[in-house]
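Visitor: Chains as they are written, first to last, in numbering that gives the first Met the number 0: chain A, 0 to 177; chain B, 0 to 101; chain C, 0 to 496.
A few of these clues could be false.
No more than 16 Å apart at the CA atoms, straight line, and that leaves these computed lysine to aspartate or glutamate pairs for EDC-like [stated by the list, open to error]: (1) C/40 to C/109; (2) C/62 to C/80; (3) C/40 to C/108; (4) A/137 to B/55; (5) B/50 to A/133; (6) C/424 to C/340.
Hints are computed from structural coordinates only; laboratory data are not their basis.
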Amino acid sequence: MTPVQGLIRPDLVAKIGFGLVAAATFGGAIIAVFFRNIIHNVLGLALALFGVAGIFFYLGSPFLAFMELLIYVGAITITITFAIMLSKPIGGPLPERSFKKTLGAGSVCVLIFGLLSYIVMGTKWTPAAMRSSDWSVKAIGQMLLTKYDLVFELISLVLLVSILGAIVTARYGRGRVE
Amino acid sequence: MNSLTTYLLIAAMLFTIGLFGVLRRRSLIAMLISIELMLNAASINFLAFTKFVSPDPATGQIYVLLIMGVAAAEVAIALAIIISLYRWLRTIDIERADRLRG
Amino acid sequence: MDLVQIARSNLEGFRYAGTEVALCVLIVALLLSGVILPFRKNRRLFLIISMLGLALAMTASLKQPGAGKGVRYFADLFLWDSFSVFFKLFFVAAAAFTILMAQMNREVEDYEFNECCLLVVSVTLGMVLLASSVDLLMIYLAFETMSLLSYLLVGIRFREARGGEAALKYVLYGAFTSGVMLFGFSLVYGLAGTTDIMEIGRILNSAHMAGQNRALFVLMVLFFLAGLLFKTASFPFHIWCPDVYEGAPTPVTAFLSVGPKAAGFAVFIRLFYTLFAREVGDQGFAAIEQVDWPAIVAVISAITMSLGNLSAIHQDNVKRLLAYSSIAHAGYLLMGIACLDKLGLEAVAFYLVVYLFMNLGAFAVVTAVNNGEGGEDIRFYRGLSARAPMACVAMAVFLFSLIGIPPFAGFVGKVFLFSAVILKKYYWLAIVAAINTVISLYYYVRLIKAMFIDQAEVSFEPRVSGVSYAVIGALALPTLVLGVYWQPLAAFIESIF
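Looking at chain A on its own, in the form it has when it is part of the complex (with noise of 0.2 Å):
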């Protein structure tokens, strides 16, 4: 064993990591909701998706990670940028609601945070009696394609229809053209 080796242990790593994640995800989630300008919070929230699909790896799902990668950061986020884009030149920042409304806001958002906190840890989460362990993507498919089909086969429908229904709004939004 080098001394190198020695000095990095895996468990510590893993801690530094998961620290890393977490200050993502609050770091980008705080960039999106308190930034004025709009850049800034499509960019806070694809840090913290990024979080968030740490998180998904730290909890065991690499699959579901990369999918958030995929579909959150690569086409939500992309997305919300060319709404951006096209509906609003890069100008100044909007006012914000009135300091009172604020107040109001936050000490709302402070008392459900509280309330969630004191639930989260006073409630006895039970574990499953019988509990599997796979978590494969292999599962994920056999699911998907057999007891969850009929989900499968919604999305998609919902997925198609909203695509359509997208493209008549934005084309129709035009006027009339045909």
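For this one, chain A is given, so just place chains B and C on it according to the hints.
Guide: Same frame as chain A, but now just chains B and C:
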């Protein structure tokens, strides 16, 4: 290595930040971004419970996949509407979009 | 379960999924015909295709399950019982009337008629799935199918900024409330470890939950309520309702005020009576000990109906007036849910059927008047009876029924609701509802007075087509008949709970 509580607290925090954004922001796109944060908080909850509580790992993961699919459709629809509304209003600000009496 | 076994049970499930299959076939037919045919010239053809498909769906859902608890199908995601069959019929009927109403005037133009039919049918598919699903995963997906596509339905009219604003408010409030509800779902999932709501209900109602955190249950109920109250347009998530109803094309407004609202009530009953209550004895239910949600629902019901009726008083736009009236009716319907017994649920189901006819009828008349030079403001209605007597008489019937005056169907529905509430000894709620009925008298009668007594302000010739008369007649007939001969429907509804 982390306990269930850690993940649930992270999710609760993310949910609250998103909620604050929805209540406070005026810009429509910023509200949409905040809603995405709330949906992600729910996803973390689902996966954490799948890891620590649920008997079957696949169900929770499929639920999270489903949330992503729905969120993608939702964003596509919202943005299509925002873009075409923009052509009428030339600004995206919910309090200026108040020609309809609230 | 073995995978092969699941696959086989999925195939068997098609025996119970006739409605869903028919609606899917219709969706594909509309998609293909919209692509192949020149969509500007074939309005009538699209109408015929939709009607045939919906008739097929209607026939497919006529098969009644016998007594007992129903059959689970599609890997236990769905339940085929009388409750779901009732709501399937209800939603398909609402969709059929909506598409007929879209044919009545030019609010939905030729070039968007195909998409309009497609979206209405897709939303109906979502509602039908919602009524029969008993799995949190499927409930969420069906709920979102219904919501997402109804956002598009509202936004389809983009010749005016109004439609866009309404759609946008709808999307943002809807996405927000369903996100909150989803968080509630995740907590329930964590507590029970499964997504099957029957199973969850058993676990939540079992004795070893008694020591659990009360705050958790309170929060779960509140988070669930957020999504459901939004869909039913109840306090405190009713703010979107008047704007969306005013901004959307009138047939779409009519659809939203009946379809998704009833779907909201269906899933409300399904979720709350399964998760947070258990059957006690033959007729009653008992709420879980941790949170007294019937009391919460009762208070929300009282606030919703008062708010709806008080805001309706000053409305000059008939669509906004009907929007507030629909908020008020959500309040009346919530009374039945708060009752926590089978009588209350039967009253809700009966009132929903009556509401389908009278509310769609009122909107059908609004659609007809909106044709040509007409509009939706009350001044277009002044003195209208001289020029369109039949439509005005029908409108009067619908409005009297909405007030709850005998001998119209609304009266019978209200009697059922009130008696359920009084038998449950919610006297204060009954009094609030009675006061509200009196308040509502004012603004409904004001509209009737405008039509029959006032002098005409705007001279325009209402063009009420044959289709319009047929639709209005088809809706007025049950409103009249159910007012005097309600026993068969009441007996049918009694059999579903």
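Visitor: Straight-line Cα separation of residue 62 of chain C and residue 80 of chain C no greater than 16 Å?
Guide: Distance ~11 Å between residue 62 of chain C and residue 80 of chain C Cα, so the pair holds.
Visitor: Are the Cα positions of residue 40 of chain C and residue 108 of chain C separated by 16 Å at most?
Guide: 11 Å, holds
Visitor: Given the hint that residue 50 of chain B pairs with residue 133 of chain A, test it: the Cα-Cα distance must not exceed 16 Å.
Guide: Cα-Cα ~11 Å, so holds.
Visitor: For the pair supplied as a hint, residue 424 of chain C and residue 340 of chain C, confirm whether the alpha-carbon distance does not exceed 16 Å.
Guide: Status holds; Cα separation ~12 Å.
Visitor: Does the alpha-carbon distance linking residue 137 of chain A and residue 55 of chain B stay inside the 16 Å limit?
Guide: 14 Å, holds
Visitor: Take the C-alpha atoms of residue 40 of chain C and residue 109 of chain C, compute the straight-line distance between them, and say whether it is at most 16 Å.
Guide: 7 Å, holds
Of the numbered hints given earlier, the model fails none.
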